Amino acid sequence: MEQGNAVEASNLVKIFDDTRAVDGVSLAVPVGSIYGILGPNGAGKTTTIRMLLGIIDPDSGNRSLLGRDQPLDAASEVGYLPEERGLYPSMTAQDAIAFMGALRGLPLKEGRARAVSLVEGRGLGDWVKRPIRSFSKGMAQTVQLLGTIVHKPRLIVLDEPFSGLDAINQGKLEELIREQADSGVTVIFSTHVIAHAERLCERVAIIAKGHVAFDGRVDEARGRLRPIVRLGTRATDGPWRSAIPANARRDGAEYVFELPDGGPEPLLKALIDGGAGIETLSIERPGLHDAFVAIAGQAAAREMTGEGVMP
Amino acid sequence: MNFGKLVRSAFVVGRRDFVATVYSKTFLFFLIGPLFPLAIGMLFGGLGARAASEAPPTTVAVIGQQADFDLLQQARTRLEPLAGDRGFVVLVPVAPENDVAKQRDELLKDEGQKLLGVLDGGLFNPHFTGAVRADGTTVRQIGMFVDEAQRTRVGMPPAGQPMAVTLTDSSAGSLAEARGVTARAGQFLLFFLTVFLAGMLLSQLIEEKSNKVIEVLAAAVPIDAIFLGKLFAMLAMSLIGIAVWLSAGALAISFFTKAGIGALPTPAVGWPTYVALGFIYYTMNYLLIGSTFLGIGSQASTVREVQTLSMPVTMAQLLLFGLAQLSIGHHNSAEGLVAAAFPLSSAFTMIARAAELPEIWPHLLAIAWQLLWVALIVRLSSRLFRRAVLKSGPSFRWPWQRKATV
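Chains G and C, in that order, give the protein sequences. Sequential numbering from 6 applies to the first sequence in the numbering used here. Sequential numbering from 753 applies to the second sequence in the numbering used here.
Since the hints were derived computationally from the structure, they do not count as laboratory data. From a predicted model like this one, the values you see are computed outputs, not experimental measurements. Ideal Cβ placement from N, Cα and C applies to all residues, glycine included. Be careful, since some hints might not be right.
Straight-line Cα separation of at most 25 Å, DSS-like style, residue types lysine-lysine; simulated pairs [to be verified]: (1) G:Lys177 to G:Lys157; (2) G:Lys214 to G:Lys157; (3) C:Lys964 to G:Lys142; (4) G:Lys134 to C:Lys866; (5) G:Lys134 to G:Lys114; (6) G:Lys157 to C:Lys964; (7) C:Lys964 to G:Lys177.
Here are a few chain C residues that sit away from chain G, every Cβ distance over 10 Å (derived from the structure) [what the hints assert, rightly or not]: (8) Phe944; (9) Ile966; (10) Trp1113.
Given these sequences and hints, build the entire structure.
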């Protein structure tokens, strides 16, 4: 493992029957970062996570988790929230959290004590001794999330953590992820909602059809695209037209095009000198969604949910 | 909803259920299910016929002169048409020694001959001693032989003395019979407990699969730990149940009988060893059959599939039980040895052996043998479990498929 990486994977392959669910995935997650794994449904995110955590073995390739080649050797330092949430309905919230901690090596007594403070900290103090079956879906999800962190792991892996949560609970979850990261915990989460990744992540991996199309900083992903210029003019024609690229498209009354190589100043000068009669002009930095489209393709972007499409 | 729509909707639902069931792997078990009752019928039919034909005859030794014995034997032959299905008591002549009382006691204890009783005193003063009921078949038959022999003996007073009867607590013959009962009871108890648990083991994983906890478990601990945890939790639970049931049974026996649990026929290895062996064999049997069923049960993903598996699994257990039954009274025969060696019937067979034969070393050997198979089957089932639960691990390939892919 390279110094400073909590998770490393190289050329992971997983084949189910005749389908290559994951086909040569490589990634590196720096210690202490918030790392997003982005991709549409069926891209191979969950299978990749399951291989990283040792739930299933890859057919080929290597992975290491917190410096261990056998992921389960690091189990006591890892917290995992699976995509398909699961709790024993008859357990109380306190017991469920303590049980999940015990699975990771935390003594039950200590787990029960921590469970009470965690549940109370989330404003669910009245529910600590109640069975999970009496909880709403959001509350049960919160309990499972608390069970994921009760043993104070160094690495937290969350598979589609925002799925099924309302906006308020999504906000609370983002807050919790930031809190964990601020305390030095490495957080990996998968999502098909780009907005969450854009708000939280320093680094992302974009997975499509079992491949990693991009692995790096969010800025780098965005940096692959030129800024977008939106221009509204009074004049319909004139010398200024030579200043904008031939492939500029019309969006209502505006021209939309990538900022030319020279940057904004030469463009602005050419427009003014050419008599464009500028009414509106904006230069927008590309969003992660735009980067995603450019990297993974329009088809993959369309498979992402509407929530992920940036305006 | 009109009738046409109702039928169409019912068809949609029914088609899904039909396809889901027929295209599941477990449906194969359902299809071959009828073969099991057939095999069981044949096995138990054979066992019944064999038990009837091979049941050891009740044997009584006659201490006395050869002439008296010949008269008794002739009387027995004359009365033969009156014998029922089980036939008459068999008489064995024994030449008298100086101390007839001592000779009688020794004969009754002789485990080689397994005599039920001894007749001495000749025809003039007949005296029967044995571990039988005073009004039982054996006493009545011996009495008939004596009466008939006395009636036909030349020069003897017509009636002679009536036959005196002394009842003893046990004889080698009665002990052998009682141990046979203990052997069958031990086997049945073991079988009953295993059958009782099998259904629960089959459905063990359905809860985790349906509420998705399995993913949480598998991410935190090795899959073998989940398998063993479930296996041993059920073992511990069943041992609590057994302790409660046996205590209740012992109390009931104490309550309803004068001698309490002391009235039960003593196994050949003695009660303490028998109970210890019973515990060990139950544990081995549970681990062998339990791990097999847990592995099979992990293949099911729905309650419906578990139900489909239940029937053949129960039948398979009956087959194992039938195989073990072959050994009772014939532990050193070929079928007895096969039943003891076959891992899944070994515990049933050996608990019966403990009731009937006193040697301990075969049990040590059997326990070592069963331990080896426990390790193998637990390992194999655990892999099956892993593949089924997490869709992980190498796919099974037949040898020719392996070659083809190399």
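A quick look at each hint next to the structure:
no. : hint                 : in the structure
1   : G:Lys177 to G:Lys157 : holds, 19 Å
2   : G:Lys214 to G:Lys157 : violated, 34 Å
3   : C:Lys964 to G:Lys142 : holds, 14 Å
4   : G:Lys134 to C:Lys866 : violated, 67 Å
5   : G:Lys134 to G:Lys114 : holds, 15 Å
6   : G:Lys157 to C:Lys964 : holds, 23 Å
7   : C:Lys964 to G:Lys177 : holds, 24 Å
8   : Phe944               : holds, 29 Å
9   : Ile966               : violated, 7 Å
10  : Trp1113              : holds, 42 Å
Of the numbered hints listed earlier, those contradicted by the structure are 2, 4, 9.
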